[in-house]
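Trainee: Single-letter residue listing:
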Amino acid sequence: MREVFYFLIFPGLAFVATIGGVLSWLDRKVTAWVQFRKGPPFLQPLYDFLKLLLVKETIVPAKGSITLFLMAPVFGLFGALMASVFILLPAFNINSGFEGDLIVIFYLLIIPPLAYILGAMASGNPLASVGASREIKLILSYELTFILLLSALVFKSGMTVSMREIIAAQSETVFIGSISGVLLFIVAIFIIQAKLGFVPFDIAEAETEINHGSFIEYSGSAYAIIILTKYIMLFTLTAFVATIFFGGLSITGMGALYSILKLLAVVVLVILIKNTNPRLRIGQAMRFFFLWMNLLVIISIVLTFFGF
Amino acid sequence: MGFKDFIFKKSLWVFHFGGASCNNCDIEILDCLTPRHDLERFGIKLVGSIRHADVLLVNGSINKKDKDRLERLYQQAPKPILVVAIGACGCSGGIFSDSLFFAGPVNRIIPVDAYIPGCPPKPEAIIAGIVKLANAKKGRKKQNEKVL
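From first to last, the protein sequence lines stand for chains H and S. Read in my numbering, the first sequence has 89 at position 99, and its numbers run on one by one without any break. Read in my numbering, the second sequence has 188 at position 3, and its numbers run on one by one without any break.
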């Protein structure tokens, strides 16, 4: 019974979807401020989601695999939701998590992009397959950096593969307080950018180029689920970075305020990078991750070894 | 006005179809999304795929080649969809109405919910038209009729 509550209400679906919607509003609002506009109203993400879910018709492609096309968003939502629960339970100190949950989180965080690829391939649209092919290349480039980043964190916190131990290792100084931590944080921000498909790495869903790429055929409720997955991923990834670099989140007392500040710091940084950069080509993005970001992680592992 | 109508008019996603336009209307439509007029205040945003669209903006004179594409776009759009004809060419054909290649104003091809006349209409006029359309009570009912 408690597990059902965990997965559906508190750190689960209802909570992450709400906070994710708020962060998504913040994303559009900050974007509007950067461009000297006024921006959408507070409930706009809710309106968008409900409109797609309740009002609009869902069209399935005639020449495509309908079952896979409709199931792919559900897989994506599942992956994002499970990842968020496994991140937030130790982060909020509700539950101790389990040994090796960092690796489970790593795999769960790949599920939404893989689901987008499956859905795009199942739709039978040429632009969607271009988007899917770009998404695959993007995954290939950033996942190596992501696993290197996680191994650097494991090394930094004394060879432990558990979220709880990583948070406990930061009880005196948080990881962002050291030089190697700052380098890792820079890498983590760019990985978030790529995982969310935000602008320097929105190659897979370039609106002006391939018309939303992987999502071009989605409409109605199926697209509503994709939008919900995006809200959840925005919150999940920022909460993950806030947890592993700023030493955990909290829901009681002053800790709640600090948690909000940590989340806002990460989210606003991501949004500002999104708004001040042009889109990279796929080759540039791959070179960026393979060469520079991996180099940065390796430098920071060496720095950690020498105690910086 | 029901809950669904309320939600629908709060979040109108716009797909822009330019026929054989002289580009003045295109520029004025883009002006609506710029900082000065900022249509995102009302939840309106431009989308790249017709599958995500709630509003189909049509401008420019529709010639014989555009006609098939416009019909197909309308069939591909998830219902309910609102159609807005912008500019003199979209509303009536304008100076092209006697042309050899003119395939009729937009409302002879697909049902139109709002007309925004002008050559080109000012961004203020476009915003006024969209607001009137969003507040129209019978706006959505007409959409569900089978056409074509």
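Calculated directly from the structure, the hints in this document are not laboratory data. Backbone N, C-alpha and C fix where the C-beta goes; we use that ideal spot for every residue, glycine too. Errors might be hidden in some of the hints.
Facing chain H, a subset of chain S residues (Cβ under 8 Å, in silico) [said to hold, decoys possible]:
no.	residue
1	F193
2	K195
3	P263
Residues of chain S placed beyond 12 Å of chain H at every Cβ, according to the derived structure [what the hints assert, rightly or not]:
no.	residue
4	K194
5	G203
6	A205
7	S234
8	D253
9	R254
10	S277
11	I280
12	S282
13	G289
Trainee: Confirm or reject each hint.
Mentor: Each hint tested on the structure:
no., hint, verdict
1, F193, "holds, 5 Å"
2, K195, "holds, 4 Å"
3, P263, "holds, 4 Å"
4, K194, "violated, 9 Å"
5, G203, "holds, 15 Å"
6, A205, "holds, 21 Å"
7, S234, "violated, 5 Å"
8, D253, "holds, 18 Å"
9, R254, "holds, 15 Å"
10, S277, "holds, 30 Å"
11, I280, "holds, 31 Å"
12, S282, "holds, 32 Å"
13, G289, "holds, 27 Å"
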